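S.K.: Let the sequences and hints guide you as you build the complete structure.
If you read the protein sequences in the order shown, they are chains A and B. Under my numbering, read the first sequence as residues 68 to 393, first letter to last. Under my numbering, read the second sequence as residues 68 to 393, first letter to last.
Since the hints were derived computationally from the structure, they do not count as laboratory data. Keep in mind that a hint or two might mislead.
Because identical chains cannot be distinguished in the list, a pair is counted as satisfied if it fits within a single copy or across any two copies.
As the list claims (entries may be wrong) - Capping the alpha-carbon separation at 30 Å, the derived lysine-lysine pairs in DSS-like fashion look like this:
(1) K362 <-> K284
(2) K371 <-> K284
(3) K371 <-> K242
(4) K151 <-> K362
(5) K161 <-> K371
(6) K242 <-> K386
(7) K216 <-> K362
These figures come from a predicted structure and were not determined experimentally.
2 protein chains.
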Amino acid sequence: MKNIFTLTFTFLALASSSLADPLPSWNEGVNKQAIVSFVERTTTAGSPDYVVPTKRIATFDNDGCLWSEQPIYFQLIFIIDQIKALAPQHPEWKSAEPFASILKGDTKKALSGGKKSLIELAMATHANVTSEEFDQSVRKWLSTARHPKTGRPYNEMVFQPMLELLAYLRANDFKTFIVTGGGIDFVRVFAEETYGIPPEQVVGSSIKTTYEVRDGKPTLVKLPELNFIDDKEGKPVGIHQHIGRRPIFAAGNSDGDFQMLEYTTAGKGARFGLLIHHNDDDREWAYDRDSHIGKLARGLDEAKERNWNIISMKDDWAKIYPAEKK
Amino acid sequence: MKNIFTLTFTFLALASSSLADPLPSWNEGVNKQAIVSFVERTTTAGSPDYVVPTKRIATFDNDGCLWSEQPIYFQLIFIIDQIKALAPQHPEWKSAEPFASILKGDTKKALSGGKKSLIELAMATHANVTSEEFDQSVRKWLSTARHPKTGRPYNEMVFQPMLELLAYLRANDFKTFIVTGGGIDFVRVFAEETYGIPPEQVVGSSIKTTYEVRDGKPTLVKLPELNFIDDKEGKPVGIHQHIGRRPIFAAGNSDGDFQMLEYTTAGKGARFGLLIHHNDDDREWAYDRDSHIGKLARGLDEAKERNWNIISMKDDWAKIYPAEKK
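M.R.: So this is what it looks like as structure tokens:
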């Protein structure tokens, strides 16, 4: 009898796992179908599109692809909050831009200096600390800060359909990587817990680091000097440097991801390029060609000829955030 | 009956796998015992030294640790061979150092200019090519070049005991990385086939790369500009940048690995530092304090107080290269 039970149970478990929808928050349609078909074709032995597991590399942008990015990048909100928290130790900031405007609550003016201002703010909050101190400050911020519109912790503003997609790919022996324009050390703090992506599978922008022994303790110190910008043309470079082989699947949402998708889908064999179109002003935000953040224009223009899939958040996703009731 | 057979077979398989020696080329002794004890303590649930699988990071130097490095680094032999092969396209090299000396077969004189000469030679052979062209040139070289002393292909001059150690760690859910002073793109060409280490788990020195679309084809081009030197203090920096967490196991053979071991073994909990001492002039080479390559002095002096294990190639290893008869 025991054997019959065991067999029956095994059969039911197998049947249910093959019948269960791995992407329950994705509405039925061409995009969901394309994803499932790609995974099945590349993972079925004997299929002309079969790819050996070690080459199943999938890369994901973070801002606007795995979590929201409005009204401004969440890492920029972290920077602003840190400037405010550190201000008592920096009386000189009261009269020095871009810090003065941040302290007056005028982010727009603070950022009017463009890239230079942004880098100055980033260095003041990311450099001259040990890597452990930086981790701690991000961790503390994540546990207390709340998004101005939703009131949610930032790491709960991740996209449920993308969490399912990551898990689905991994269940099919894909190795999932984040390739972000954001800071590599910032994203690493929450990537493993939030996305199931370990630190060694995060590629991102960085400042330089130096190694020294402080009071007998080996320490990594973050320096106020740019190391690498992992955006646009930088994404294929970061992928080459960090992963060392071309992905077969890449997902993004802005023209900052264009080159990553271009590089990925130009490889031989089956390839998948995915762009998320933020077009749901009710549940998230709607923006594309004219947005100051996450601008998507060339991607929309060329997706069709390049055979990339444009995901409509409004139509393709039954749910946006994990906490939402369906 | 079938069930009894199955049970018996399963039992025998389990018994034999737990009895089989995972490190057959390691002689019995304190070092082998220390390795096995470390792996058992860190992977046995309930052990006070237990480490969750995601944190089981092990890093290995390459030159002199996973393969030989005498009479000069193998990548330098590749460089010399490439200079000779490319010479017809560079008539100017006949009268310009360090190229002229290389072409006359006087490596010593060519390298007398120190780091500057070495970088000049490296750039002439590693830069201004696409990443695919570079891969091809390394692959071709590996398949044809033979070591001057052993007559073996270079990728057969790897250490059998270290191959076993890598496999043993991986079988216990360690993630194995190479952290080499050598070129990341050079080592990646053979690391997966030779060591079972995929490209994304290779950390190394690099030159800068740029991304461009050439005749409609996305291409990565290697530039004649240094990006990162993954040696000495650079090793913990490279580990931080690439892996993003501190290893619990590190292996090397020279003072270029000192900081990697220092950083690794300064972490909390169980840690393992391993240094290979090249002291077998019969089967390999014997060198340490005064060697022009793979100098090991501080490591020998401080290993004991730091609780690092010094591996004697002569005494600890029953076999050096895979092809050797035991």
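S.K.: Each hint: holds or not?
M.R.: Evaluation of the provided hints:
Taking CA atoms no more than 30 Å apart as the test, K362 paired with K284 passes between copies only; the shortest distance there is 24 Å, against 44 Å inside one copy. In the homo-oligomer, the alpha carbons of K371 and K284 lie at most 30 Å apart only across protomers (18 Å), although the nearest pairing inside one protomer, at 55 Å, exceeds that limit. Taking identical chains as interchangeable, the C-alpha atoms of K371 and K242 lie at most 30 Å apart only when both belong to the same chain, with a minimum of 27 Å there against 40 Å between chains. For the identical chains of this complex, K151 and K362 are intra-copy neighbours only, at 28 Å inside a copy versus 50 Å across copies, given an alpha-carbon limit of 30 Å.
In this assembly of identical chains, the alpha carbons of K161 and K371 never lie at most 30 Å apart, being 50 Å within a copy and 53 Å across copies at closest. In this homomeric assembly, K242 and K386 come within 30 Å of each other (Cα to Cα) only inside a single copy, at 25 Å, whereas the closest approach across copies is 35 Å. Taking CA atoms no more than 30 Å apart as the test, K216 paired with K362 passes inside one copy only; the shortest distance there is 21 Å, against 59 Å between copies.
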